[in-house]
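*Asks:* Each chain, letter by letter, is given below.
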Amino acid sequence: MNRDLLLFEIDALQYRYGCAPKPALALDRLELREASCVAFVGPNGSGKTTLLKLLNHLLDGQDDPKRCKGRIQFRGQPFTRTMARRHTVYLHQHPYMLAGTVLQNLEICARPGFDRHVLFAMLERIGLSEKKDLPARSLSGGEAQRLALARALVSDREILLLDEPTASTDAASALRIRNLLEELKAQKTILFSTHHRRFAEQLADRIIELADGTICNDRRNDLVDQSSSR
Amino acid sequence: MGEAFRLLRTADPELWSIIGRSLLFSASAVLLAAIPGIPCGIAIGWKPGGFRHWLASIVHALSAVPTVVIGLFVYGLLSRTGPLGFLGMLYTPAAVILGQIFLALPLLVSFIAGGFSSIDPRFRETLETHAIPPIAAFSLALREARPMITTAVAMAFSRVIGEVGVAMMLGGNIRGLTRTMTTAIALDTSRGEFERAVALGIVLLAVALVMNMLIHWSSQTLPASVRRNPQ
Numbered sequence: 001m002n003r004d005l006l007l008f009e010i011d012a013l014q015y016r017y018g019c020a021p022k023p024a025l026a027l028d029r030l031e032l033r034e035a036s037c038v039a040f041v042g043p044n045g046s047g048k049t050t051l052l053k054l055l056n057h058l059l060d061g062q063d064d065p066k067r068c069k070g071r072i073q074f075r076g077q078p079f080t081r082t083m084a085r086r087h088t089v090y091l092h093q094h095p096y097m098l099a100g101t102v103l104q105n106l107e108i109c110a111r112p113g114f115d116r117h118v119l120f121a122m123l124e125r126i127g128l129s130e131k132k133d134l135p136a137r138s139l140s141g142g143e144a145q146r147l148a149l150a151r152a153l154v155s156d157r158e159i160l161l162l163d164e165p166t167a168s169t170d171a172a173s174a175l176r177i178r179n180l181l182e183e184l185k186a187q188k189t190i191l192f193s194t195h196h197r198r199f200a201e202q203l204a205d206r207i208i209e210l211a212d213g214t215i216c217n218d219r220r221n222d223l224v225d226q227s228s229s230r
Numbered sequence: 001m002g003e004a005f006r007l008l009r010t011a012d013p014e015l016w017s018i019i020g021r022s023l024l025f026s027a028s029a030v031l032l033a034a035i036p037g038i039p040c041g042i043a044i045g046w047k048p049g050g051f052r053h054w055l056a057s058i059v060h061a062l063s064a065v066p067t068v069v070i071g072l073f074v075y076g077l078l079s080r081t082g083p084l085g086f087l088g089m090l091y092t093p094a095a096v097i098l099g100q101i102f103l104a105l106p107l108l109v110s111f112i113a114g115g116f117s118s119i120d121p122r123f124r125e126t127l128e129t130h131a132i133p134p135i136a137a138f139s140l141a142l143r144e145a146r147p148m149i150t151t152a153v154a155m156a157f158s159r160v161i162g163e164v165g166v167a168m169m170l171g172g173n174i175r176g177l178t179r180t181m182t183t184a185i186a187l188d189t190s191r192g193e194f195e196r197a198v199a200l201g202i203v204l205l206a207v208a209l210v211m212n213m214l215i216h217w218s219s220q221t222l223p224a225s226v227r228r229n230p231q
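Chains as they are written, first to last, in the numbering used here: chain A, 1 to 230; chain B, 1 to 231.
Worth flagging that the hints you see were computed from the coordinates, not collected in a lab.
Errors might be hidden in some of the hints.
To be verified - Among the chain B residues that face chain A by a calculated CB cut under 7 Å, a handful are:
| # | residue |
| --- | --- |
| 1 | ARG122 |
| 2 | PHE123 |
| 3 | GLU125 |
| 4 | THR126 |
| 5 | THR129 |
| 6 | HIS130 |
| 7 | ALA131 |
| 8 | ARG143 |
Where is the CB? At the ideal position from N, CA and C, for every residue including glycine.
Produce the complete structure using the sequences and hints provided.
*Replies:* Okay, here's the thing in structure tokens:
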């Protein structure tokens, strides 16, 4: 993947939920590059989830000009639902476990043709191989978060949209997720939201701060590191 | 009352044939209505809003149509001069079942759509973001909606087995052919033969009780499936 190529180009994007008087997100301009790892940081209601869901074409009314204005270009073309399904996958802050076992959850979400051995290897990688036959809904918050990440990986998309990937996880699970994402940075584009500035600084190569649905700060992580070490 | 219990205990053949026929007609109607009703309910409740909202309102209104009006409508279709008169279905078990399908279908669709629209939106989003193929998505939706489908089927069965308008108008209350519990109760009461009417009433009450227990049980399991996936 070429890190200089533009992945998403967002211009004058506005999205509002239902009949809300104020848009949940209002971005003038945002460019996101291939193979980057970008963190969106900000308080609740700052528009992080809305932005990630828009980049997965997951929101109601995304094609309705009354609710969603502006332009999203994907690799130079208008971003469509088909493109979203083919190239991106979104992870909820609190993932929804489908009915069935841990292994079945992986099988359901795996791209057709995925080898069963790869699924077992994935379970090993996320530390859930011993729980493969347990109901997925019996997993703890951290385990569910790891399983959701594994589901995203077996769905085999090159862009991961992660909403608070370490929410409701303990320190050990958070570390495991961070290490996994660290490995994935070389192969995938990772766009994630987080409340934890420290987590963003450890993982992302660019940090974008959102407040009230707009970008209030956008910087490379090395600058953030310098400023924080001062 | 004692005579009614004696009729039930001594396995009066006519009484039990009426009970069996009622159960058969109602079960057939609900099962046949469930074939289009369940997928339609899921489809309407899948993504609430827009035209689906209007569709849900229409179906909800249809579920409250009086049974005699449905009977009248189907009678119009099946009568000799009606568009389906050539089938010669009027006053047959098939006519009763057809009428009861019209009775059960809106109730099934309305309840499943209403229940499904209240399912955690992350379920639909999870299926969408992973681009789960439609058949697999439908199968997962069926699993997710199982408690509300059970409730909807039980409610539809309760409504159908307890109705009298459709069975009377389309079946004609013919002895040994289309006589059901409700039409038999109406006839026996008008004749002053209260024993059999009371015996059938007891069976109807028992069926209603079992169905309500089933509805209560399945509605208890509904929030549990959602609780396992906290927001």
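*Asks:* Now, for every hint given, state plainly whether the structure supports it.
*Replies:* Results of checking the hints against the structure:
Restraint check, B:ARG122 versus chain A: the minimum CB separation of about 4 Å is within 7 Å; hint holds. Against a cut-off of 7 Å between C-beta atoms, the interface hint on B:PHE123 holds, since the closest Cβ of chain A lies about 6 Å away. Below 7 Å, beta-carbon pairs count as interface contacts, and B:GLU125 has one with chain A at about 6 Å; its hint therefore holds. Evaluation of the B:THR126 hint against chain A yields a held restraint, the C-beta minimum of about 5 Å falling below 7 Å.
With a cut of 7 Å, the hint placing B:THR129 at the interface with chain A holds, because the nearest CB-to-CB distance is about 4 Å. Proximity of B:HIS130 to chain A holds as hinted, the smallest CB-CB distance being about 4 Å (cut-off 7 Å). For B:ALA131, the suggested interface contact is upheld, since its CB lies about 4 Å from the closest CB of chain A, less than 7 Å. Hint status for B:ARG143 relative to chain A: holds, with the closest Cβ pair at about 5 Å, below 7 Å.
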